[in-house]
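Kindly generate the complete structure, drawing on both the sequences and the hints.
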Amino acid sequence: MHKSWWKIAAVVLLVYTIAGGFLMNVPRRFILNESIRNLYFHVCMWLAMMILFGVSVAYSIKYLRTQQYKHDIYAAAFAGTGLFMGLLGYATGTIWANYTWVTDQGQSLGTILKEPKLLGAGIAILIYCAYFVLRGSFTDIDKRARVTAVYNIFAFVMLFPSIWIIPRLVGSLHPGSPGNDSGNPALNFNDLDSQMRIVFYPAIIGWTLLGVWITTLKIRIQFLKDKAMLQ
Amino acid sequence: MKKFINRWVVLMMSLFAFVLNAAAQTNDQPEMADAMRSNGKIYVVVAVCLLILFGLIAYVIRIDRKLSKLEQQKD
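Going down the list, the sequences are from chains G and A.
The first sequence finishes on residue 231 if you use the working numbering, and the numbering steps up by one all the way, no holes.
The second sequence finishes on residue 306 if you use the working numbering, and the numbering steps up by one all the way, no holes.
Since the hints were derived computationally from the structure, they do not count as laboratory data.
Mixed in with the good hints there might be a few duds.
Just a sample of chain G residues kept apart from chain A, beta carbon distances all over 10 Å, derived [claimed, not checked]:
#	residue
1	Trp5
2	Thr92
3	Gly122
Simulated crosslink set (DSS-like; lysine-lysine; CA at most 27 Å straight-line) [claimed, not checked]:
#	chain 1	residue 1	chain 2	residue 2
4	A	Lys300	G	Lys225
5	G	Lys62	G	Lys143
6	G	Lys62	A	Lys272
7	A	Lys272	G	Lys3
8	G	Lys143	G	Lys3
9	A	Lys272	G	Lys7
10	G	Lys7	A	Lys297
11	G	Lys7	G	Lys143
12	G	Lys7	G	Lys62
13	G	Lys62	G	Lys3
14	G	Lys218	G	Lys114
15	G	Lys114	G	Lys225
16	G	Lys225	A	Lys272
17	G	Lys227	G	Lys143
18	A	Lys272	G	Lys70
19	G	Lys218	A	Lys297
20	G	Lys227	A	Lys272
21	G	Lys70	G	Lys227
22	G	Lys114	G	Lys227
23	G	Lys7	G	Lys218
24	G	Lys143	G	Lys218
25	G	Lys143	A	Lys300
26	G	Lys114	G	Lys62
27	A	Lys300	G	Lys218
28	G	Lys7	G	Lys225
29	A	Lys272	G	Lys218
30	G	Lys70	G	Lys114
Even glycine gets a Cβ: it sits at the ideal position worked out from N, Cα and C.
Encoded structure:
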């Protein structure tokens, strides 16, 4: 294992996330109760996804500037891990919403289905799924790299309105949006408790580093495959 | 007159509801898993989660090592 210092950092931060995340004090809130600790897991998945997508689009731009095939492999691998993290974020969100919105707040299924944050996140994930469909539909490697690099930029730009902007403009059950008068104190960064921050920020870095680690493995597998193909 | 009485009733009811609500707020704290913390069962949860994490990390490290070996063979 070369360049292993950040892999050790990832393990240390994740151990701290789980130990500190379960054992340290959290503010007492109605409806959320102990499930407030999901902040260290559910929210971190989304943030890791966004960071990985950001790295992916950076490599796509790099590919378009330099036309080096390895940048295309990097971009695809980072987008893949980011998409996986996003799916985990969505899946964990469904469980959390089931016990805070449906059970405790008594929201109907109709309100949940109209929830702009869920729709936006679903759209963003589908756009990235289309990125991989597009990748699979090319036989020419150079053409695939060029077209999907351009598409990746489009997909990343679409992330901003669908996840960040629209759920903040319209009312939403999800924390961090206006009109959130459902008794749930919005867990946005303005009133995020300081005792949660000391676990939350390391948790983001830890989960992101784990995502990067898995991505580097995927990149190395792809390089090995391509070498085998060329021989 | 009827309108006035109606308004009065609504006002009284809302005041009553408000007082009840306030009393409810002061009486019970948000429910947390305090029992789990006091009898130490929370450490069981932490141990299980840490074991899963270590298992996953060990798996990733194994794949990393195998890849390193393969890369050396190819070069």
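Task: Indices of hints not satisfied (ascending) - done: 6, 7, 8, 9, 11, 14, 15, 16, 18, 20, 22, 25, 26, 29 and 30
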